[in-house]
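Novice: Residue-level listing of the chains:
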Amino acid sequence: MNLFCLGLSHHTADVATREHFAGSATAESILRQTGCAEALLLTTCNRVEVYAVSQKRVSTDEIARCLTRRIEIDPHDYAPPFYRYEAEKCVQHLFRVASGLDSMVVGESEIFGQAKKAYESARTSGAVGPYLHRLFQRAFRVAKQVRTHTDIARGAVSVGSVAVDLAQRIFGKLSDRKVLVLGAGETSERTARALISRGVSDLRVSNRSIDRACELAQAVGGRAVPFDEWAAQCREIDILITSTASETPLLTPAELAPMVHERLDRPLFIIDIAVPRDVDPGVNEMEGVYLYDIDSIRSVAEQSLALRRKQVAAAERIIAEHVADFVDSISRGLNRPSQTAEHLPLGENPHGRPSCSGGL
Amino acid sequence: MDRYLLIVSTVCFLAAVVHTIVELRAGMFRPMRFNFFAVGLGFIFQTAFLSIRGHALGRCPLTNLFEVFVFLAWSVALMYMLVGPLYRLSLMGAFTAPLVVLLQGFALVAPIDILHPVKVPANPWLEFHASISTVAYGAFAVACIAGVMYLIQERQLKTHQLHSVFYHLPPLTDLYATITRLLWWGFALYTFGIVSGFFTGHPLPRAQVVAAIGVWLLYAAILQGRHLRWLAPKWVAALCIIGFSVALALLWGIEFTAAMRPLP
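Note that the protein sequences, when read in sequence, are chains A and B. To convert, take the position in the first sequence, counting from 1, and add 20; that gives the working numbering. To convert, take the position in the second sequence, counting from 1, and add 74; that gives the working numbering.
Calculated from the structure, these hints are not laboratory results.
DMTMM-like cross-link-like pairs, simulated, lysine to aspartate or glutamate; straight-line CA separation at most 25 Å: (1) LYS308(B) to GLU275(A); (2) LYS164(A) to GLU97(B); (3) LYS232(B) to ASP196(A); (4) LYS308(B) to GLU256(A); (5) LYS232(B) to GLU282(A); (6) LYS232(B) to GLU307(A); (7) LYS232(B) to GLU256(A); (8) LYS232(B) to ASP300(A); (9) LYS232(B) to GLU275(A); (10) LYS198(A) to ASP248(B); (11) LYS232(B) to GLU305(A); (12) LYS308(B) to GLU305(A); (13) LYS308(B) to ASP285(A).
Computed footprint of chain B on chain A; a stretch qualifies when at least three of its residues, placed anywhere within it, have a C-beta under 8 Å from a C-beta of chain B: (14) 174-187; (15) 281-295; (16) 305-314; (17) 317-323.
Interface residues of chain A toward chain B, partial, derived using beta-carbon atoms under 8 Å: (18) ASP171; (19) ILE190; (20) PHE191; (21) GLY192; (22) LEU327.
The C-beta atom is built at its ideal place from N, Cα and C for all residues, glycine as well.
Assemble the whole structure, with the sequences as input and the hints as a guide.
Specialist: Take a look at the structure:
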């Protein structure tokens, strides 16, 4: 029995190539067409991967043919940049993928859910047997451990998540916080939605066009505030998200000073994503006011990514331990009387460490 | 024998410090488990030390500067055990442990463990006064630690330079609420301590009374400034650090003066 994985990812193929192989095949169709004993298909926007267990070696071309969206494309001629990992390398690759180490944004957690979904789908259809079940259960455990024991998932990397992350660092729980969205642009809407997803319930929207303010307020479950009243709201609110098309700053230290004095023990977090900026940078110098413009948000995102990259080595150590342990446990299982070489998915040699032919 | 317990206790706190440094450097810091366990174990050994010493003396072990430092370190650990887990401020353990190591390390190294040649009779009011005042110092010490954490967090948020430790520090508003609670606890305990001092049946040295009232007024001013919103949170945090430094210097002065005089 052979355990192997082959696929395409953002590392090896552009989106045009990836889309040729995404979406048409299922785990069952791979089983049917290639004669594999077990198969699982993991498809995301950044990767198309097949994890399989087979009695005899199944060629990359055979799998590629199953994945091809358009039948007229011959994968052999097309020579797509498929990688292939076998045995121990396959285990290591899956653990890295599930932990977010192989993702475009290192440490992102979406891949964990996608892998779980792919596993559930293949399990329901009966394409997953004992080997892939064991492998994927371990992969989920490893991914959780990597996230818990390293800072790989720490910090935010998009405008919305940076805003939420910073807001939580300032206020802790966001459920009692009041948010004003000034300017009903797409980014401010996304940021507002990110805050709502973390429990914010009091959301106000103000825009030069009251109709647009009402529309957005309705969409996010907030309430509209007339544009000429937004400044007075700064007495009450905790978070201000601003993204208007104003050519001059709407909020200056002089305007904010009396309100800041009234709310000395309540911080004010301002996210200014407008260009040109809506808030005078001098506001950040004021007591208890934390101003982040688009550049500082980008800088925070870059710092988070740098922090995550520093964690890769620690995460790799955890993964290496699990790979060795997983391979050992499979090998040990072989020495039990009830187990035979047929049950070993990791390579052909029943007495030594599983053979590893590496990836393409 | 009792000093060995104190050494073991110091090693436990030191382990928390080393663990924090190593894990922060590796970017794998998870404060909850190890730090709380190490500080908890250190606290048990501290308590055992104070208990044995108290039994030997037949009174609260606050008869010399050595015991005052150990009792203060115990009060700091006690306050952390009460406040840290309650308010999810587990990183506070990482900040508390170095202070305890410093206090106990100094107590162990400095030649200040001078036992009185004659057994001092127990005086419940004097013991209550000394112990409650020291526990109040413990609350002020943990408020000072929370103040340091607040200023670090605030500075990173203002400058937009977020280091690894940023993600382990509690939110600003939680830290500020903790500082306020600790200040109130410390202030209430210190007030009891000062008042009980007048019931000891012994005349109190003028310098000690002036110093104690000075510390009391300082913390009263911080709390008043916070209550009336004259002081921004950043300044309350900074004053917690200044206040505790002043209080510690005065405590040293008071105990040093007391050591020069016969114990009542």
